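The listed protein sequences correspond, in order, to chains A and B.
Take the first sequence: its letters are residues 1 to 534, numbered as in my numbering.
Take the second sequence: its letters are residues 1 to 534, numbered as in my numbering.
Note that these hints are calculated values from the structure, not bench results.
A hint or two may mislead.
Each pair may be met inside one copy or between any two copies, as identical chains are not told apart.
Said to hold, decoys possible - Once the Cα atoms are required to be at most 27 Å apart in a straight line, the calculated DSS-like pairs of lysine-lysine come out as:
id: 1; residue 1: 377; residue 2: 346
id: 2; residue 1: 146; residue 2: 426
id: 3; residue 1: 382; residue 2: 93
id: 4; residue 1: 382; residue 2: 124
id: 5; residue 1: 383; residue 2: 346
id: 6; residue 1: 235; residue 2: 9
id: 7; residue 1: 426; residue 2: 383
id: 8; residue 1: 426; residue 2: 382
id: 9; residue 1: 212; residue 2: 235
id: 10; residue 1: 124; residue 2: 426
id: 11; residue 1: 124; residue 2: 403
id: 12; residue 1: 105; residue 2: 93
id: 13; residue 1: 403; residue 2: 146
id: 14; residue 1: 9; residue 2: 212
id: 15; residue 1: 93; residue 2: 146
id: 16; residue 1: 346; residue 2: 212
Just so we're clear, the structure is a prediction, and the values are computed from it rather than from any experiment.
Protein chains: 2
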Amino acid sequence: MDESGVSTKDAVMIFDTTLRDGEQSPGAALNVNEKLEIARQLARLGVDVIEAGFPAASPDDLRSVRRVAQVVGNPDSGKGDRVPIICALARAKRADIDLAWEAVKSALHPRIHTFIATSDIHMKYKLRMSRTETLARTREMVTYTKQYCDDVEFSPEDASRSDPEFLYEVLAAVIEAGATTINIPDTVGYTTPQEFGDLIRGIVANTPAIEKVILSVHCHNDLGMATANTLAGLKAGARQAEVTINGIGERAGNTALEEVVMALYTRRALYGLHTRIDTTQIARTSRMVSNFTGLLVQPNKAIVGANAFAHEAGIHQDGMLKHHATYEIMRPEAVGLAQSQLVLGKHSGRHAFRVRLAEMGYELDEDRLEAAFRRFKELADKKKWVTDADLEALIADLFYQPKEVYQLVDLLVVAGRPGMPTATVKLRGPDGEELIQAAVGTGPVDATYRAIDAIVPVANTLLEYNVHAITEGIDAQGVVSVRLSSEGEGSRVVGGYGADTDIIVASAKAYLSALNRLLTQRTDGELQIAKREE
Amino acid sequence: MDESGVSTKDAVMIFDTTLRDGEQSPGAALNVNEKLEIARQLARLGVDVIEAGFPAASPDDLRSVRRVAQVVGNPDSGKGDRVPIICALARAKRADIDLAWEAVKSALHPRIHTFIATSDIHMKYKLRMSRTETLARTREMVTYTKQYCDDVEFSPEDASRSDPEFLYEVLAAVIEAGATTINIPDTVGYTTPQEFGDLIRGIVANTPAIEKVILSVHCHNDLGMATANTLAGLKAGARQAEVTINGIGERAGNTALEEVVMALYTRRALYGLHTRIDTTQIARTSRMVSNFTGLLVQPNKAIVGANAFAHEAGIHQDGMLKHHATYEIMRPEAVGLAQSQLVLGKHSGRHAFRVRLAEMGYELDEDRLEAAFRRFKELADKKKWVTDADLEALIADLFYQPKEVYQLVDLLVVAGRPGMPTATVKLRGPDGEELIQAAVGTGPVDATYRAIDAIVPVANTLLEYNVHAITEGIDAQGVVSVRLSSEGEGSRVVGGYGADTDIIVASAKAYLSALNRLLTQRTDGELQIAKREE
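Turn these sequences into a full structure, and let the hints steer you where they fit.
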């Protein structure tokens, strides 16, 4: 491995695919700014590889992978931080590989990850290719990739349902062609730990020259066993784990980074393996990904759920007081919880604000800092204590939203019971003119959305609407996330979010954010194509 | 096994502990009506054993276990359904066992589940007992339990961290004393599938007369491996799995019923095991438990998450269209999704309404049916289609709320941006008088809660506030769930929920529901004591 990789035999490389496989969660679509911010945070978290996207999927994907490669894939002047490998996905096609290289070439450590399906069912129904054709194409495309980039990863899609003998043959060809990492995906989330460990052991035992490459595992959680399968793969000899924050991803999602990392950490005596993750950044990364994607984390989610370290039962609390190891196998501090929560109040000045943001990893220029400080003062007037979570929501709401085609100017809502919930909305449109509409609805949010619909010409269906308070207390900010699908041809699902202490205002922002996303993408004349999962 | 148990060697008994270990999730506290309704649904789902509570924890627990035993634990006249075993938990203490028997004795198939810790760390710090003392107490208490009840389950708490030799000794004594089920808990969620399978294999190989009992497994999800551990235990010879709906429970929760059941179902060729669960009831049970406990299910939750069967990526959809098995290992219909969604509209009459509720398993007397029908008509006036999920929310909101000490009469809210969010609330108090207060807040919810606080004298802190739309469309009903902790002595966490098309009204209802719960429990003069987890 080069200097950014892991060199000892006990080290596991963490390959984060939140921005690629994770972003394929329905409605999770992230814009360039959000992707860049998540990538920065992943670097702080200490992941070894960031899979930043699938450039052939859309010009937007290409742009965001390129930005991540330029910014997060290069040394930050004045800091001694490790620079992660930036990876782009490509089907085993020249055009895809060309675009992938175009996207990652500016990174200090670029990687191209190419894949082709090797299971009979996928070759027959999806690729319509024979085994011989698949083998030839694979060898040719890895060789083609290698001319661009030394660091080449290859995945046999649907590996866990492929004929092992054919798999060994494909992998041997790929290693000969120069692949440096071989990734084994359980594409449909079908295997058990025993089976998946056996699959990896079989590959190690039967693939010529396998010791030359890093073996990687990529599991899905359809039967709830992604973490156990990943760990079984590592135990069997794999040294890279492909994971996402909060386990997001299509269907039941991918393996959760936090679970694999904390299992290796908590059970290091058993596994004898370690990662280079700064576990104290886990909680914050989890919150950021949840806020930006609108994908909530359930309270009983392992490691990052709100209850993961909460103890209710009397006896249990009693045991905890006597000796915390009676019920607790790790400390909340290890994942970055229970750190100082109260940070700033209404008397905090510009300097304290700037220092806190810098400590949190935000680097804002003077204009943005000033804008953020104004919002902070507004918030601090309403809310006694402003926490890190409040600041994260504020920054996200200010700077990581899509281009504002329509912008919220004023909103007036009257509602209650009995009543006729009514909303009046004033928006500023693309040409700067202000438009006002009133509407009545089944509730204040419905009325607000109907008033916005009367101004913004995008037919859509609201699929999902969620609000959660991001901090404790009745004066907390609410974060609203919505998912909606556009109607008519090329129907797409997009998400949006907004934060405010007034949840109706936050609801209006979230809806506008999603509509703006639809409008921006439509204006660019770009349709999303050919996203895939492995 | 008796006629309600499972008799073949390939059958796995499903022991549901949603109402006991699941309910110990912070803030998930359920009232008697909610527990009864969940127990009814668990019976429809086809679980073999319902652990209904821990009667020694509080008089409320005792009452609700007794109700479940009476109603759900006995044959329903006119129906041929199987009657589940009703189980109550008891520490290895006479007083606990007496109460447990008191609670379950009216069931057709009663079970008492007693436990004691067997790990050195728990014996030393929690029990302050030696091995000899623990062994003697265990034998004595199982014998004591046996005088009440033939069906006795025993759990060595923290089994996965106990000395195996001591464990075998305890289990042999317990079997000799007459226990019929031996349950092995991984109390702290610490083990891996390999280790847990080895533990079960060790018990099978080394415990005299183990073949006389059903071996059971009970796992926690702290490292994300509860499902894989449970399956490893079944593979090693266990024939009962202790699980909860949605995997709720303290910290990261228990093993999720839906994951274990669907893994056995999807991979039956591998495991060769089956359960008697009606899998088409899974989605509905999941929604009910989520609504009643206020514990949201994340979109990427395996089996029951909103995205579990959703496919975003282009290639992937393409593959699905060509052959669904390319990416899908089970069909949404198998878990009761994708069934008829549009059920009733504003022109539906009383008869159609009654029939639909009956099909859904609700049996309401005339008065309640009339009240529900009125609410349905109000809803149908606002909302084009009323779905099963709408009806479930409506029924829960009407009938499973705590006693209304304070009741919402009127609510008026004015909010927006810029603005001074103001709420005026009229409540009917315990003595029937109507009380009005207005308040200004940081948003309409905050203003509403401040106005309620000015009327209802319960100091509290709002810990969590969530809203989700339960169906698609902008006219959807919102379900608000809150968790709050009372202040002062004997501080407790309670949850509340409310449904309405107006989310401010739903927010007011949820807050009142939680406050009423605090007030009711306080009036009863009961403090929760001694809940525990295993």
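Tested hints:
no.: 1; hint: 377 with 346; in the structure: within (6 Å within a copy, 48 Å between copies)
no.: 2; hint: 146 with 426; in the structure: neither (55 Å within a copy, 72 Å between copies)
no.: 3; hint: 382 with 93; in the structure: neither (55 Å within a copy, 52 Å between copies)
no.: 4; hint: 382 with 124; in the structure: neither (61 Å within a copy, 50 Å between copies)
no.: 5; hint: 383 with 346; in the structure: within (8 Å within a copy, 43 Å between copies)
no.: 6; hint: 235 with 9; in the structure: within (12 Å within a copy, 32 Å between copies)
no.: 7; hint: 426 with 383; in the structure: both (26 Å within a copy, 26 Å between copies)
no.: 8; hint: 426 with 382; in the structure: both (23 Å within a copy, 25 Å between copies)
no.: 9; hint: 212 with 235; in the structure: within (18 Å within a copy, 36 Å between copies)
no.: 10; hint: 124 with 426; in the structure: neither (55 Å within a copy, 67 Å between copies)
no.: 11; hint: 124 with 403; in the structure: neither (43 Å within a copy, 61 Å between copies)
no.: 12; hint: 105 with 93; in the structure: within (18 Å within a copy, 69 Å between copies)
no.: 13; hint: 403 with 146; in the structure: neither (38 Å within a copy, 70 Å between copies)
no.: 14; hint: 9 with 212; in the structure: within (13 Å within a copy, 47 Å between copies)
no.: 15; hint: 93 with 146; in the structure: within (13 Å within a copy, 70 Å between copies)
no.: 16; hint: 346 with 212; in the structure: neither (58 Å within a copy, 68 Å between copies)
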